[in-house]
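Protein chains: 2
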Amino acid sequence: MKRTAFFISDGTGITAETLGNSLLSQFKAIEFERVTLPYIDSVEKAHNAADRINAAAEKSGKPAIVFDTIVNGDIRRIIDSANALKIDIFGAFLAPLEAELQVESSYSVGTSHSSATSSSYIARIDAVNFALDNDDGARTRQYAEADIILVGVSRSGKTPTCLYLAMQFGIKAANYPLTEEDMDDLKIPVSLEKYRHKLFGLTIDPDRLAAIRNERRANSRYASLKQCYHEIDEVEMLYQRENIPFISTTDKSIEEISTRIMVETQLERRLRN
Amino acid sequence: MKRTAFFISDGTGITAETLGNSLLSQFKAIEFERVTLPYIDSVEKAHNAADRINAAAEKSGKPAIVFDTIVNGDIRRIIDSANALKIDIFGAFLAPLEAELQVESSYSVGTSHSSATSSSYIARIDAVNFALDNDDGARTRQYAEADIILVGVSRSGKTPTCLYLAMQFGIKAANYPLTEEDMDDLKIPVSLEKYRHKLFGLTIDPDRLAAIRNERRANSRYASLKQCYHEIDEVEMLYQRENIPFISTTDKSIEEISTRIMVETQLERRLRN
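In the order they appear, the protein sequences are chains A and B. Counting in our numbering, the first sequence runs from 1 upward without gaps. Counting in our numbering, the second sequence runs from 1 upward without gaps.
Quick caveat, the hints were computed from the structure, so don't treat them as lab data. If a hint is listed, it holds; no wrong ones were tucked in.
Below 27 angstroms or equal to it, Euclidean Cα-Cα: the simulated BS3-like pairs (lysine-lysine) are:
hint	chain 1	residue 1	chain 2	residue 2
1	B	K28	B	K62
2	A	K198	B	K45
3	B	K198	A	K45
4	B	K86	A	K86
Working from the sequences, and respecting the hints, build out all of it.
Structure (structure tokens):
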């Protein structure tokens, strides 16, 4: 039995979606069709959204589930009229917050969401550019500016982690590959010696690494189990010998890897989302 | 009067943080100190968290605000004992969802969050790699595989938008710069002709563009107001003449730009967060 869940907002819908997905993930027995409807900011769009909700409810023979962060009263009432269980995120929590803080929220007074500030936009773009410029050991002369330098073997997750750290936290993250040639006599590369306090290692289960590498270069030596086991052995020994903190990326999402790195390093975020 | 808000989770804390920040942004009159405590997954960590909450409450002379998505009962009770207004995200919404869906949630039965699936991890990494490989017109031979190709002048936001589309939605986004040399006789570049149905334009307020470019290359011709006005004039005329859909990135966050592009193009997401 499939149910349809809607995430509806007059903005990007990211809050409704993030919360809604977290809640739905607590119901593993049920399969959900998910529909995000961002920028529902007019009466006309609200009627269209309500029509879609009603159509989904009719199709499945059960009310839809609606997670929303709509502020405008006219739009809310239209969405409310549709055949759905409504999870009214702002409605539920703003009243106790108003009571505690002893001020009215802009929800109550009817204004809309805030937008990104210019300073956080620039911090984020700077960090993304830094990650791109300093990807895969391309340069090392900006390492003085880096908040962190990720090291690890090829395909252990360095690049996406650097980009996520930049995008989500505004952290300037460089990364440097520990390559095949270095493997038999693995030391901290000379260009990193000066920045060893910024190093953070990634590791990964060798079988998983081989699977990932095989998608890129099937049946190569690079992707062989033997090679992957060898490389991972060597880097993990290096991390331990040199006291480089490290984390396994196996079975972790990029969010998890990045958040755990933030916790372990106690790096301070440069931006708030 | 500064209040301290905590975002607490046994996972990454992203849900608590996203929802909490949305709610707090409705109270513009109050300044909040924000603390995220992820991976609070043991009684010991819970006691440390409670101590931090109590210290913050004592310092400001007012209870702290706690947004949490803790599942484990023992841990919850420790957090609950601290001096704070508790916004219990799962507690508030899972009961009505359970009633509607007529099953118990894993919250109620005490198991923990789900992790990223392998297929969504791979879709995301593939999309991020695609964005990196196809950044700034570096290659054009993979454009057949692209879901979308962003075009725009230098520093109009193409790269971060492509990366966000990849990271958040698993969308394969290439980008191609409309460069200064082409400006006086601006046409769709030959290498893009075949893919014109995939093109999506970015534009930006020329004054804002000049400010951004000045941070990179101060007082250059490239960053001059005259040049920025000229380039933006030319690209906007091109978009209109060639019926390329486009969006202004001025004063928009990367999330907003990306979400609006998803709405306009009706691209289907390749992953769900």
